[in-house]
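A.B. asks: Protein chains in written order, with our numbering: chain A, 26 to 367; chain B, 26 to 367; chain C, 26 to 367.
If you are wondering where the hints come from, they were derived from the structure by calculation, not from laboratory data.
Among the clues, some could well be false.
[As the list claims (entries may be wrong)] For each label pair, taking beta carbons as the anchor points, the in silico distance ranges come out as:
| hint | chain 1 | residue 1 | chain 2 | residue 2 | range |
| --- | --- | --- | --- | --- | --- |
| 1 | A | Lys320 | B | His102 | 53 to 63 Å |
| 2 | C | Asp103 | B | Ser135 | 33 to 43 Å |
| 3 | A | Asn214 | B | Lys123 | 50 to 60 Å |
| 4 | A | Gly43 | C | Lys342 | 30 to 40 Å |
| 5 | B | His303 | C | Ser119 | 42 to 52 Å |
| 6 | B | Val89 | A | Lys70 | 15 to 25 Å |
[As the list claims (entries may be wrong)] Below, computed lysine-lysine pairings styled on DSS-like, alpha-carbon distance capped at 25 Å:
| hint | chain 1 | residue 1 | chain 2 | residue 2 |
| --- | --- | --- | --- | --- |
| 7 | B | Lys342 | A | Lys342 |
| 8 | C | Lys348 | A | Lys70 |
| 9 | A | Lys73 | C | Lys348 |
| 10 | A | Lys348 | C | Lys48 |
The C-beta atom is built at its ideal place from N, Cα and C for all residues, glycine as well.
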Amino acid sequence: MEISAEALCALLAGILEGDPEVKVTKLAPIESAGPGDLSFVSNPKYEKYLATTAASVVLLAHGVDSCHTKATIIRLHDVYQSLAQLMQHMERLSKPHKVGIEPMTYVSASAQVGEDVYIGAFAYVGDGAVLANGVKVYPHCYVGEHTRIGSHTILYPGARCYPGVQLGSHCVVHSGAVIGADGFGFAPNSQGGYDKIPQLGNVVIGDHVEIGANSTIDRAALASTKIGDGAKIDNLVMIAHNVEIGRNTAIVAQAGISGSTKVGEQCVIGGQAGLVGHISIANNTRIGARAGVGKSLAQPGKDWSGVPLMEHKKNLKIQALIKQLPLLFEQIHTLSIKHGNQ
Amino acid sequence: MEISAEALCALLAGILEGDPEVKVTKLAPIESAGPGDLSFVSNPKYEKYLATTAASVVLLAHGVDSCHTKATIIRLHDVYQSLAQLMQHMERLSKPHKVGIEPMTYVSASAQVGEDVYIGAFAYVGDGAVLANGVKVYPHCYVGEHTRIGSHTILYPGARCYPGVQLGSHCVVHSGAVIGADGFGFAPNSQGGYDKIPQLGNVVIGDHVEIGANSTIDRAALASTKIGDGAKIDNLVMIAHNVEIGRNTAIVAQAGISGSTKVGEQCVIGGQAGLVGHISIANNTRIGARAGVGKSLAQPGKDWSGVPLMEHKKNLKIQALIKQLPLLFEQIHTLSIKHGNQ
Amino acid sequence: MEISAEALCALLAGILEGDPEVKVTKLAPIESAGPGDLSFVSNPKYEKYLATTAASVVLLAHGVDSCHTKATIIRLHDVYQSLAQLMQHMERLSKPHKVGIEPMTYVSASAQVGEDVYIGAFAYVGDGAVLANGVKVYPHCYVGEHTRIGSHTILYPGARCYPGVQLGSHCVVHSGAVIGADGFGFAPNSQGGYDKIPQLGNVVIGDHVEIGANSTIDRAALASTKIGDGAKIDNLVMIAHNVEIGRNTAIVAQAGISGSTKVGEQCVIGGQAGLVGHISIANNTRIGARAGVGKSLAQPGKDWSGVPLMEHKKNLKIQALIKQLPLLFEQIHTLSIKHGNQ
Numbered sequence: 026m027e028i029s030a031e032a033l034c035a036l037l038a039g040i041l042e043g044d045p046e047v048k049v050t051k052l053a054p055i056e057s058a059g060p061g062d063l064s065f066v067s068n069p070k071y072e073k074y075l076a077t078t079a080a081s082v083v084l085l086a087h088g089v090d091s092c093h094t095k096a097t098i099i100r101l102h103d104v105y106q107s108l109a110q111l112m113q114h115m116e117r118l119s120k121p122h123k124v125g126i127e128p129m130t131y132v133s134a135s136a137q138v139g140e141d142v143y144i145g146a147f148a149y150v151g152d153g154a155v156l157a158n159g160v161k162v163y164p165h166c167y168v169g170e171h172t173r174i175g176s177h178t179i180l181y182p183g184a185r186c187y188p189g190v191q192l193g194s195h196c197v198v199h200s201g202a203v204i205g206a207d208g209f210g211f212a213p214n215s216q217g218g219y220d221k222i223p224q225l226g227n228v229v230i231g232d233h234v235e236i237g238a239n240s241t242i243d244r245a246a247l248a249s250t251k252i253g254d255g256a257k258i259d260n261l262v263m264i265a266h267n268v269e270i271g272r273n274t275a276i277v278a279q280a281g282i283s284g285s286t287k288v289g290e291q292c293v294i295g296g297q298a299g300l301v302g303h304i305s306i307a308n309n310t311r312i313g314a315r316a317g318v319g320k321s322l323a324q325p326g327k328d329w330s331g332v333p334l335m336e337h338k339k340n341l342k343i344q345a346l347i348k349q350l351p352l353l354f355e356q357i358h359t360l361s362i363k364h365g366n367q
Numbered sequence: 026m027e028i029s030a031e032a033l034c035a036l037l038a039g040i041l042e043g044d045p046e047v048k049v050t051k052l053a054p055i056e057s058a059g060p061g062d063l064s065f066v067s068n069p070k071y072e073k074y075l076a077t078t079a080a081s082v083v084l085l086a087h088g089v090d091s092c093h094t095k096a097t098i099i100r101l102h103d104v105y106q107s108l109a110q111l112m113q114h115m116e117r118l119s120k121p122h123k124v125g126i127e128p129m130t131y132v133s134a135s136a137q138v139g140e141d142v143y144i145g146a147f148a149y150v151g152d153g154a155v156l157a158n159g160v161k162v163y164p165h166c167y168v169g170e171h172t173r174i175g176s177h178t179i180l181y182p183g184a185r186c187y188p189g190v191q192l193g194s195h196c197v198v199h200s201g202a203v204i205g206a207d208g209f210g211f212a213p214n215s216q217g218g219y220d221k222i223p224q225l226g227n228v229v230i231g232d233h234v235e236i237g238a239n240s241t242i243d244r245a246a247l248a249s250t251k252i253g254d255g256a257k258i259d260n261l262v263m264i265a266h267n268v269e270i271g272r273n274t275a276i277v278a279q280a281g282i283s284g285s286t287k288v289g290e291q292c293v294i295g296g297q298a299g300l301v302g303h304i305s306i307a308n309n310t311r312i313g314a315r316a317g318v319g320k321s322l323a324q325p326g327k328d329w330s331g332v333p334l335m336e337h338k339k340n341l342k343i344q345a346l347i348k349q350l351p352l353l354f355e356q357i358h359t360l361s362i363k364h365g366n367q
Numbered sequence: 026m027e028i029s030a031e032a033l034c035a036l037l038a039g040i041l042e043g044d045p046e047v048k049v050t051k052l053a054p055i056e057s058a059g060p061g062d063l064s065f066v067s068n069p070k071y072e073k074y075l076a077t078t079a080a081s082v083v084l085l086a087h088g089v090d091s092c093h094t095k096a097t098i099i100r101l102h103d104v105y106q107s108l109a110q111l112m113q114h115m116e117r118l119s120k121p122h123k124v125g126i127e128p129m130t131y132v133s134a135s136a137q138v139g140e141d142v143y144i145g146a147f148a149y150v151g152d153g154a155v156l157a158n159g160v161k162v163y164p165h166c167y168v169g170e171h172t173r174i175g176s177h178t179i180l181y182p183g184a185r186c187y188p189g190v191q192l193g194s195h196c197v198v199h200s201g202a203v204i205g206a207d208g209f210g211f212a213p214n215s216q217g218g219y220d221k222i223p224q225l226g227n228v229v230i231g232d233h234v235e236i237g238a239n240s241t242i243d244r245a246a247l248a249s250t251k252i253g254d255g256a257k258i259d260n261l262v263m264i265a266h267n268v269e270i271g272r273n274t275a276i277v278a279q280a281g282i283s284g285s286t287k288v289g290e291q292c293v294i295g296g297q298a299g300l301v302g303h304i305s306i307a308n309n310t311r312i313g314a315r316a317g318v319g320k321s322l323a324q325p326g327k328d329w330s331g332v333p334l335m336e337h338k339k340n341l342k343i344q345a346l347i348k349q350l351p352l353l354f355e356q357i358h359t360l361s362i363k364h365g366n367q
């Protein structure tokens, strides 16, 4: 693609500062962009590169100082969102549009396959499964019996849905994700071992959900593990049986949600965080990376972090104090000597 | 299935309170059950729903107060275990009994395949592999050369056993689990890099073991990584080379056990916990979620948690004190001022 | 293999102590080795077994006391490295040399396949992909469009490379590893949800890199996620989009590196550690298991651990003080009472 700063500015409905005729051919990060590249700054950490970048055009928020840059600037209300639109446009132009059924697939005679569907080689579609229009099932995917995949959903190579899973439309499931494996349910028996509790429920996932590579979402024991519309789940995340995740909640890599916990809408759960089972998290809660959540969080819109879990600001203070513990112990030692406590 | 409270009570050897003739058709969670549903309370957190549930029949332990419920009650010694039995019964009635070899499988001519075996499409069974009677190998599974799978063991879609793995009978291995990949063994070399130490051992797994989705159990460098009979391993767990896990030990999701560590029998290791290598954990040890275990735990039957690891009761106390650190620093500041230490 | 202590000593260029004619047939761990076994001690924790081992020959570093052992000793400068060489020798003798294309593979007509390549059944090699000489692609692997695999690299069963990935030579990728899935990039939109930012970059991996089972390395948003030559990555590790890992850096199981972070050369990142995004880690940094790294570490060659992150020695001290908090609170209570602060 080759596009002028002026045309790009019109496309993104921005305000131009600088040469309208300079042309760009590709997107590049601000720190490594060269002449002919389009770049952007959305994270303030990267503003320092404005003075030195060789990019021809830079997307920038209103108000950010650009007096030292030689690039043409396109001012935008929301750089990140405009970038997303632009990249979606570029992806549509460049990505091959897969459609049709490759050789060596296994598609049950009782499966229903919609129009414009892609089924890659070695994919398995079980009895009674339903693939709606525009679904893409890449090679090595497994779609179990009576599993339903909504329209325009993509299963990347080796994604697996156990039987009875329901997946909405416009979802993306990455390689190696496992949806609907048995929940971890066992009853201790009198011989000191465990009896398996069959997991008879399923997983129900809304529309516009993304599930990262090698993440696992277990089926419910009885009813349904539920993932709300618009939820975004990163790689290697564990979602246990009977969990419910609210709409537009984002869960970062390697976080884990234990059984039967209910997470509200519009929450963010940081990477490697862990939530115990059987608790409820209010809407708009933000949980920091590596936090350990041991009880319900009832008040919406708050920030939490740490182990033990505290409001984020308090945790920052506590973390600073922990580093000062040696000084504290010393002070007390001194005070104690003065008063004969040693 | 439709069954009367009376018949159900006889099946589970319980004691009936209420209408013996009311019929139930399916199991449902206590908080969402409706008329015609069978439900249960085993976790005290859910006893509050007894007063409001619309379930027709509820399984309940002896001694739990049920005076406010309208449901028929079946009193049981161990609700969770009775539930497991009941659900196993329901699963046998409902789940399709897979048997036979689907098209497009790769089964080596030198592999031994027992009776009543299921091999799904795109499964790979290598030279000299042995599948005992009743084994189920779902689509996309990989059974390496000379790997032995015991009777009635199930490998769900995309489970993988590297060559030479031994898996007992009545095991369940979920999708994406990897058994027998190389241990992480490297020797630093004089060029600042690493030379790979070939991992020449294998993995030996007992009977009645369950291994969760996308968990990994590495092969030993020389001898065998060992998982004892009845061990239950959740999703995304990492078990490193040369580890030994005792019988009936349960390991919750995302926990990791480092190389050569020996975990005793009947232990429970919480989610996201981590154990360093080359240590021993006594039988009946319980390790809390997210605990960091840095040294051997020699005394059996104890509860541990936290980072640094402490006896669980002490850790709870320490966690409470950590939250009070700001107050403590303030007190010392006051005391110091009084005595001219500032 | 059967070999005399004398021949083995010559092969490893060591110094013999004891019977040169005793023969060994296999390697075994020091604590379980029997007569006819070769064993070794490289970790001081295992020196205690020297007195009791039944091994016929033991590899040992210069200077380690062996006066109580009955075994023949071969003294070496670097036991671990010699062991690596010996085991590589044994592996070459024992492991089947896979070559050729099995039935039921999907290899695009536009893919380039070198000499001496192995492609297992059900492997998928997309349009324009390149497999250099000596590459091994095991069953169920996915090699996306225009992905390039360097010479003698091994993809174990079910390893997956999305389109456009570049993998060097002499690499090992274990089962279930996913290279090149979309980075976790979304722009919040005005409806409270997220718009996906297409991930248009790729992953570029150097030579002699090992990637563990079920690890995930995401593709960059624009440019490349980069893994340097000789890097060693364990199982279930998460490497986010735009990350750069320096040469010869080792990352232990279940660690996670967030987006755009740059890790230097010759670093070691412990198991379950987590690094936030957009930071830089200096060369030769060692980060302890379970550490939480929240900011750049600019000084090379240092050891860090803990949450909050501290220099490792300081963290050990702090951990000890944390355990003494109850005592501290008590002392202050006593002091406060004396001075009327209660």
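A.B. asks: Look at each hint and say if it fits the structure.
C.D. replies: Evaluation of the provided hints:
Look at Lys320 of chain A against His102 of chain B: about 31 Å separates their beta carbons, and that is not inside 53 to 63 Å. Distance hint for Asp103 of chain C and Ser135 of chain B: a CB-CB separation of about 41 Å, consistent with the stated range 33 to 43 Å. Look at Asn214 of chain A against Lys123 of chain B: about 27 Å separates their beta carbons, and that is not inside 50 to 60 Å. One distance hint, 30 to 40 Å for the beta-carbon pair Gly43 of chain A and Lys342 of chain C, is violated here, with the actual separation near 55 Å.
One distance hint, 42 to 52 Å for the beta-carbon pair His303 of chain B and Ser119 of chain C, is violated here, with the actual separation near 27 Å. A C-beta distance of roughly 56 Å is found between Val89 of chain B and Lys70 of chain A, which places it outside the suggested range of 15 to 25 Å. Proposed proximity of Lys342 of chain B and Lys342 of chain A is supported: the alpha carbons are some 20 Å apart, at most 25 Å. Using a Cα cut-off of 25 Å, the hinted pair Lys348 of chain C and Lys70 of chain A is violated, with the two alpha carbons roughly 38 Å apart.
For the hint linking Lys73 of chain A to Lys348 of chain C, the alpha-carbon distance of about 44 Å lies beyond 25 Å, and the restraint is violated. Proximity of Lys348 of chain A to Lys48 of chain C is assessed by CA-CA distance (about 57 Å); at most 25 Å being required, the pair is judged violated.
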